[in-house]
Structures are given as structure tokens and as C-alpha cells.
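S.K.: Produce the entire structure from the sequences given, and follow the hints as far as they go.
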Amino acid sequence: MITDERTAAFIESLQRSNTPYLEELEKITHADGIPMIRKSAQSLIRFVLADIRPSSILEIGTATAFSAIFMATYADNAHIDTIENYEKRIPVAKKNIADAGYEDRIRLIEGDAQQVIEDLAGKGLSYDMIFVDAAKAQYISYYPVCKKLLRDGGVLICDNVLFDGDIVLSRFAVRRRDRTIHARMREFLRTLSEDEEMETTILPIGDGMTLSVKAL
1 MITDERTAAF IESLQRSNTP YLEELEKITH ADGIPMIRKS AQSLIRFVLA DIRPSSILEI
61 GTATAFSAIF MATYADNAHI DTIENYEKRI PVAKKNIADA GYEDRIRLIE GDAQQVIEDL
121 AGKGLSYDMI FVDAAKAQYI SYYPVCKKLL RDGGVLICDN VLFDGDIVLS RFAVRRRDRT
181 IHARMREFLR TLSEDEEMET TILPIGDGMT LSVKAL
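Counting in the working numbering, the sequence shown runs from 1 upward without gaps.
Please note that the accuracy of each hint is not assured.
[To be verified] Okay, derived cross-link-like pairs now, DSBU-like style, lysine-lysine, Cα gap no bigger than 30 Å in a straight line:
no., residue 1, residue 2
1, Lys147, Lys214
2, Lys214, Lys39
3, Lys147, Lys39
4, Lys39, Lys88
These are computed hints drawn from the structure, not numbers from a lab.
M.R.: Printed below as a string of C-alpha cells:
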């Protein structure tokens, strides 16, 4: 948590509730210990969806499909492609998508995210919005392809970029096993921030999010 807990709890208390289905799915996902977008992140995404009204969304990292269903709910004309590589989660995600009634609008693509997005780019596809919530060490590898897939004026959102606040620490203050992720996330943030073809802000929401708009 980047914002202090009392402030975060107050802000969360002011946010609108989700649909009953999403509220129930969120409880189940939490109970199963599966990572998912936090309430503050949901609020930002909901705002962006209302602003840009995307017709096409790409998500990297499906998990239980909560975020895909969330985006389908609040972007009611959008088609969503969502990518997942963890075999145990794929059947769960498929069931949740079906139960939510979004099989016609959410396409679950199974496979390695890097390979899938390269294939999508090779087919000449483009998206109004891309949401990345996957392997943190791979964000820097995903970025050039995501940029290619994003239409001019499109929005790129990346979650969990501040590494529980540890991103500000020296690499020597980070646990040895986390140093590669730490270094690669710093590289990603620097690359994204310095890219003159993208207008980017880094937000201390949840575990940190980036919000970027591709120049027209």
C-alpha cells in the first residue's frame, strides 16, 4: 500500500459499489488468495472507461477474469481480448466469463503473453485500451509490442508498478530474490516516462499504476 491505510480506507468508502456479480466474484477471488485489482485501481479504470469509451481492449493477465468482466461491465460496447498462461486458472476464468454472460464479448487467449501479443501485432490488430497486470519482470519486454498494438490516442494502464514502495529503494536494500524484478521495473518506468510518443503519469494508487496516452 503506497497511500496510508486510513486515507485509502476513507477514499474506498466513497467509491461506488460494483454489480452484485462482481462483488461476489471479488469475495471469492480474495478468499482463494488470487491477486486481483484493488478497489482504488478499479476506480481509476472505471473512470478511464467512462472517458474514452473503448470499443476494443487488450488485457495481459486474466487470472479469474475479474478485471475482464469488470471492464466489460463498465464499457458496454467493448470487445475484450484477455491473455492467460496459467493452466489452473484458465477453466476458472472461462466459467466466470460464461456465468457473467460475456462469452460473446470476452475472448480468452491461452498462451505465453509475449508470444500472443507478438502474434496479435503481426496480424495488424490494434486496441483502444490495454491493461497490463501480469508478470512484473516482463513489463519492459511487453512494452514495445503493447505500444505497437495501441492505437493513436489509446490508453495504456499498468498495475503494480511501485513494488509495495520498494521501487524507491537501492537494489541492495531489496531482497536478493526480488532484485531482477526491481531492476526491470525501474527500467520499464524510466523507458515509459522518457518515451516522447507517450504521455505518462505514475500514480500512487494501490501498489502503483501507470496511465499513458499514445500521441496522436
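S.K.: Give a verdict on every hint.
M.R.: The hints, checked one at a time:
no., hint, in the structure
1, Lys147 to Lys214, "holds (8 Å)"
2, Lys214 to Lys39, "holds (26 Å)"
3, Lys147 to Lys39, "holds (26 Å)"
4, Lys39 to Lys88, "holds (25 Å)"
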